[in-house]
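Asker: All chains should be modelled from the sequences, with the hints used to inform the complete structure.
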Amino acid sequence: GENVEQHPSTLSVQEGDSAVIKCTYSDSASNYFPWYKQELGKRPQLIIDIRSNVGEKKDQRIAVTLNKTAKHFSLHITETQPEDSAVYFCAPGKAAGNKLTFGGGTRVLVKP
Amino acid sequence: NAGVMQNPRHLVRRRGQEARLRCSPMKGHSHVYWYRQLPEEGLKFMVYLQKENIIDESGMPKERFSAEFPKEGPSILRIQQVVRGDSAAYFCASSPDLQNREQYFGPGTRLTVT
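Chains as they are written, first to last, in my numbering: chain F, 108 to 219; chain U, 286 to 399.
FYI, nobody ran anything at the bench for these hints, they're computed from the structure. Incorrect hints may have been included.
Calculated pairs, DSSO-like style, for lysine-lysine (alpha carbon to alpha carbon, straight line, at most 30 Å) [unchecked claim]:
#, chain 1, residue 1, chain 2, residue 2
1, F, 165, U, 336
2, F, 175, U, 312
3, U, 329, F, 149
4, F, 164, U, 312
5, U, 329, F, 201
Quantities reported herein were computed from a predicted structural model and do not represent experimental measurements.
Answerer: Structure (structure tokens):
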């Protein structure tokens, strides 16, 4: 099955700095690459996703980059704010089946 | 447009009892997924259903766990003879179709087995 790893497991940044989280996966058939944000006690929320036919996607302060050859994709958050503090999960999946395999999560703390 | 709904939000069961978790997908969504999350861990896929069909149950334990998504009504995840290790947050997600693929999560049911 799919093996998914996220690095780092915790990330502490100063408000206004950038944060980068990397996700590596093993299944070359994966072609859907979402990132979810989960605040304490809340549901995971989809914040950005990318398909395998593009290398980068940006939405305001958030971007995702994909390197399908190397089987990794990354989440970039610029100009971090305290409300960005949460746990972030990558969850690659295939076209068929839609089963998502979640990484172990990255706890991001943005210090004011 | 209501989001994915789950009930109950919190459920306490004694060891050996049955737990029933309900999930109503977003309007227009015909695909439902169940995931389990242990404290401080990521979500683990359990089962994927469409109306009246189980598509993929590769993540669901073979014993005591079952899931259904009837033609009418919510999807149900049933855990029989619960044990302490079943204590977790159970999230369901729904998506409209395979082409779209985005999954939107409900608020979860936190099951505590005493």
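Asker: So if I understand the rule, the pair passes when the alpha-carbon distance is 30 Å or less; does residue 175 of chain F with residue 312 of chain U pass?
Answerer: violated, 34 Å
Asker: Keeping to a limit of 30 Å between CA atoms, is the pair of residue 329 of chain U and residue 201 of chain F held or broken?
Answerer: holds, 16 Å
Asker: Does residue 329 of chain U pair with residue 149 of chain F here, judged by a C-alpha cut-off of 30 Å?
Answerer: At roughly 16 Å apart (the allowed maximum being 30 Å), residue 149 of chain F and residue 329 of chain U satisfy the hint.
Asker: Taken at face value, is the distance from the CA of residue 336 of chain U to the CA of residue 165 of chain F at most 30 Å?
Answerer: Violated. Residue 165 of chain F to residue 336 of chain U sits at ~35 Å, over the 30 Å cutoff.
Asker: Between residue 164 of chain F and residue 312 of chain U, is the straight-line Cα distance small enough, at 30 Å or below?
Answerer: Within the cut-off at roughly 28 Å; holds.
Consistency with the previously given hints fails for numbers 1, 2, ordered from lowest to highest.
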